[in-house]
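S.K.: When you get a sec, could you build the whole thing from the sequences and use the hints?
Which chain is which? The protein sequence lines are A and B, in order.
Here the first sequence stands for residues 1 to 277, numbered as in my numbering.
Here the second sequence stands for residues 1 to 170, numbered as in my numbering.
Simulated from the structure, these hints should not be mistaken for lab results.
There are no misleading hints in this set.
Keeping only pairs whose Cα atoms sit at most 27 Å apart, straight-line, the calculated DSS-like set for lysine-lysine is:
(1) A:176 / A:261
(2) A:225 / A:250
(3) B:135 / A:118
(4) B:6 / A:49
(5) A:189 / B:144
(6) A:189 / B:135
(7) A:59 / A:49
(8) A:182 / B:144
(9) A:118 / B:144
(10) A:118 / A:49
(11) A:176 / A:189
(12) A:176 / A:258
(13) A:250 / A:118
(14) A:250 / A:135
(15) A:258 / A:49
(16) A:258 / A:78
(17) B:6 / B:166
(18) A:182 / B:135
(19) B:144 / A:250
(20) B:135 / A:235
(21) A:189 / A:59
(22) A:189 / A:118
(23) A:118 / A:135
(24) A:225 / A:189
(25) B:166 / B:101
(26) A:225 / A:118
(27) A:189 / A:235
The residues making up each chain are set out below.
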Amino acid sequence: MRNLIAFFQRFRVFLVFLALQLLALGSYFSFVSYPRTQFFNTSNTVAAKLLTTQRDITKHFFLDQENRVLQEEISRLKNQLDHALSSKDSSEIITDSLKGFSYTFFPATVINASYSRKNNYFTINVGASDGIQPKMGVITAHGVVGVVYDVSTHFAVVKSILTENFNLSAYISSNKAFGIIKYLDLNPKQVSLTGISNDIELNIGDTIFTMGSGGYFPSGIPIGKIVEYTVIEGKPLWDISVELFQDMRKLHYVQVIKHIKELELTELENQIEEYHP
Amino acid sequence: MPNSLKHIVRFILFVLVQGLVVGQIEFGMGIHPLIYPLFILLLPFDMRPIIIMLIAFACGLSIDFMMNTFGLHASAAVFVAYFRPQLYRLFSPRDGYDVMKEPTLQEWGYTWFLSVTSTTVFLHHLWFFALEIFKTSEWWNILKSTFLSAIISLVLMLITQILFFKKEKL
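M.R.: Set out below in structure tokens:
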């Protein structure tokens, strides 16, 4: 017993070091590998308030550029609206009138973002009080940017598409082949599309869209375009580099996607698992 | 100003500057300067190692709150706090340290400050980026980030010391 106490006294500095490291690294690695309700992040109120203040000061620097994006978005939507109104009285039959009501979009502002780390996250100024929940998709006018990871009352932390285990299912426009989007190289402009068999023909410039599986995103949201593809050595698969449409280095205003029929979808999928375990 | 209050004010300032200013600038090329190791180095010479580690942990954790790193900064801060006494011993002047003086550039000169700070910053950044990237195949990225960020961090720390610290009058 005395030996034990002597041991603790002799190595107490090292033991405290070890304990603190276990605490810090334990939290780091468990948070990075799977989502759960968290504490050490920017949805925490004090940090979020500070970051909001900081953003209030810096937001004027990019207003011009954001205005242009909004104008482009408005004209695109106006064109769509004209098209929809004019096709109403033609003979076109609308088969799925409820489809449009599956998703609603909720605007949000990015108050803190990173893009150069290995796993990137950003904070938005909407939270549980606005009906935001984990696993909702986040997009901009250009394309997919992330999935909500953790929420507090007024803020939410979003896991960016630039995270290693983002694993978004996506398809190629020209041939409808589908694979998984991953972030493998530390290049914030590009992600990789994996799991595409190399007997499928590809073209540089083909657009990649979301599949819509999992219910985070509607089907057909643009992600990026193919800029390079090579064969993976020793595997019958393509290694495809996809350039993102949204420049993740200039992320200011986003939209959170709420999936109205999510409950129905998950119930249905659970039923299938019950019947075919 | 009483000593403890001075360190509390420094703690808050370093956390805020790291979280709101330095951490928000994106340099590209994997550069991510971190200036809070200077705060840990500036704690008094005669402070007990365990206390230094606890303060470093709190400092790292506060930065984790702002940067979404979930404990990575806390780990790196405790790491340098643990090795601080050894480092100070390694670079100690011929007749030892005067514990009444602060460990600053103005008190101990450029050679001492640069050798202590560069070693600390290099160890800190290496620990940080190795744990963040955490892949042996990415060793080149780890080393690149460590070296480039360490240079920028050192310049920032040097500027901080020159601008905001004065030699104490005795």
